[in-house]
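Undergrad: Please work from the sequences and hints to get the whole structure.
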Amino acid sequence: MAKSLAQEFTKGLWKEIPPFRLVLGLCPTLGVTTTVENGLGMGMATAFVLVASNILISMLRKIIPSKVRIACYIIVIATFVTVVELLMKAFAYPLYLSLGVFIPLIVVNCILLGRAEAFAAKNGVVASIADGLGIGLGFTLSLAALGAVRNILGTGELTIWKGVVIHHIFGLSYHPFAFMVQAPGAFICLGLMLCIMNIVGKK
Amino acid sequence: MKDMIKMIVVLTVLSSLSGGLLAALRDGTKDRIEMQELNLVKGPVIHQLLKGATNDPLKDRFKVKDGDVERNIFVGVFDGKPDVIAFEVTGKGFASDVGLMTAINVDTDKFIGAGVTTHSETPGLGARAKSDPNFTAQFKGLPASAPLKVTKDGGQINALSGATITSRGVCAAATEAATIYQRIKPQLIAKLKDYSK
Chain A
439 MAKSLAQEFT KGLWKEIPPF RLVLGLCPTL GVTTTVENGL GMGMATAFVL VASNILISML
499 RKIIPSKVRI ACYIIVIATF VTVVELLMKA FAYPLYLSLG VFIPLIVVNC ILLGRAEAFA
559 AKNGVVASIA DGLGIGLGFT LSLAALGAVR NILGTGELTI WKGVVIHHIF GLSYHPFAFM
619 VQAPGAFICL GLMLCIMNIV GKK
Chain B
13 MKDMIKMIVV LTVLSSLSGG LLAALRDGTK DRIEMQELNL VKGPVIHQLL KGATNDPLKD
73 RFKVKDGDVE RNIFVGVFDG KPDVIAFEVT GKGFASDVGL MTAINVDTDK FIGAGVTTHS
133 ETPGLGARAK SDPNFTAQFK GLPASAPLKV TKDGGQINAL SGATITSRGV CAAATEAATI
193 YQRIKPQLIA KLKDYSK
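Heads up: the protein sequence lines correspond to chains A and B, in order. Just so you know, we're using my numbering here: the first sequence kicks off at 439 and counts up by one. Just so you know, we're using my numbering here: the second sequence kicks off at 13 and counts up by one.
Worth double-checking, as some hints may not be accurate.
[Claimed, not checked] List of simulated lysine-lysine pairs, DSBU-like, C-alpha gap at most 35 Å:
#, chain 1, residue 1, chain 2, residue 2
1, A, 560, B, 14
2, B, 152, B, 164
3, A, 527, B, 63
[To be verified] A few chain A positions that, by computed beta-carbon distances, are all more than 10 Å from chain B:
#, residue
4, 502
5, 527
6, 542
7, 583
8, 587
9, 617
10, 640
[To be verified] Chain A is faced by these chain B residues, among others (derived, beta-carbon under 10 Å):
#, residue
11, 23
12, 27
13, 45
14, 153
The hints are simulated quantities; they were obtained by calculation from the structure and are not laboratory data. Just so you know, even glycine gets a beta-carbon here, dropped at the ideal spot from N, CA and C.
TA: Shown next, in the form of C-alpha cells:
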C-alpha cells in the first residue's frame with residue numbers, strides 16, 4: 439500500500455471529491471439538494487451505505503468469484519440501502535418523507551459501485567473504511583454546499599437542520615429566485631460550482 | 013465446473029444472508045414505523061377531521077377484514093356516542109397515488125369530512141388538494157352511498173383549477189371509501205358497540 443491511511447481519507451475531501459471531481463452520483467445531487475437539511479441527510483445515508491459496503495466487500499474480496507462480482511456488490515449495497523431506509527422510516531420519518539424515493543435510489547448511485555469496484559475489491563478492510571469515510575464525508579459536504587446555495591437563492595432563507603432556519607438573509611425585500619429550487623436550477627448551480635472548483639483547483 | 017459451483021454457492025449464500033437480515037430488521041422496526049406513520053402522516057389529518065371528539069381516535073382504532081385486506085378504522089366518540097369512523101383510501105392522482113382519509117358518520121351514512129394524507133402532486137396545482145382546505149371541505153355532508161364526481165363529469169365537487177386529474181383522483185378515492193363503507197358497515201356496527209360508554 440503506497441498511500442497512507444490519512445491520504446486515503448483526505449483524497450475524498452478534495453482530490454476526488456464526489457460529485458464535483460468524480461462527477462458521479464448526480465441523481466441525488468440534483469434531486470434532493472433543495473435545503474442543507476436534505477443534503478446532509480442524503481449525504482449521511484449514502485456515507486453509511488458506502489462505509490458498510492466497503493467493509494463487507496473488502497472482507498469478501500477473496501471469496502467473491504470475479505465473474506459474478508458486480509452481482510455480489512449490488513446485493514451487498516442493496517441490503518445496506520434497505521437497512522438505511524427502514525431505520526430512517528423508524529427513527530427519522532420527516533426526513534424520510536422529504537427524501538422519499540431518493541433513498542431506495544442510493545442503490546444505483548455510481549459512487550457506491552464505483553468505490554466497491556475501484557477500491558474495496560483491491561484493498562484491505564482498514565483502507566476501505568478510510569476510503570469510504572472520506573468519500574462519504576466529501577459527498578455529504580458537497581450536497582450540503584449545493585443545498586445551501588440553492589436554498590439561499592431559491593427561498594431567501596436557510597434551513598440547516600430541523601427547525602434551525604435563518605430567515606430573510608437578503609432582507610425582507612428579496613424576491614426569491616424560485617427557479618433555483620427546481621431541477622434546472624440544480625443543473626446550473628452544479629455547473630457553476632464545478633467551474634469554480636476547476637478554476638481554484640488549477641492554481 | 014468448480015468455478016460454476018463456487019459462483020452459485022457464493023451468490024446463494026449472500027442473497028439468503030441479505031434476505032434474512034432484512035426480514036429480521038423489518039420485523040423489528042415494523043411497529044415503530046407504523047406508529048411514526050400514524051403520528052406524523054395520518055395523525056394530523058385524523059385530528060382535524062374528528063375535531064371535537066372526546067376520545068383519542070389514534071388510540072381507539074381497530075382492524076376490519078375487508079376481503080383480503082385489513083383496514084385500520086379510527087373511531088371518533090362524539091357526545092358519548094362512537095358514531096364516527098375514519099379510514100384511509102387511495103386514488104390515482106396526476107403523479108402517483110393520493111391517500112385520502114375519510115370520516116363517515118355511521119348513523120347518518122354521510123361524510124363528515126375528508127383530508128389528503130400522502131401525495132406527490134405538482135406544488136401549486138394538484139398539491140392544493142392537501143393545502144387548500146376549501147377543496148376537501150366540499151365532501152362534508154355528502155352521502156356515503158352514491159359515487160362522487162367533479163362538476164365537469166356531472167358531479168357535485170368543484171375541481172381545483174388546473175388540477176382536474178388530481179380532483180378526479182380524490183373523488184374516485186372518496187367513491188371507493190363509500191363503497192368500502194357500505195361493504196364493511198355490518199362489521200363496523202358490531203365493533204363500535206365496544207366503544208360506547
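Undergrad: Of the hints given before, which are not true for this structure?
TA: 4, 5, 14
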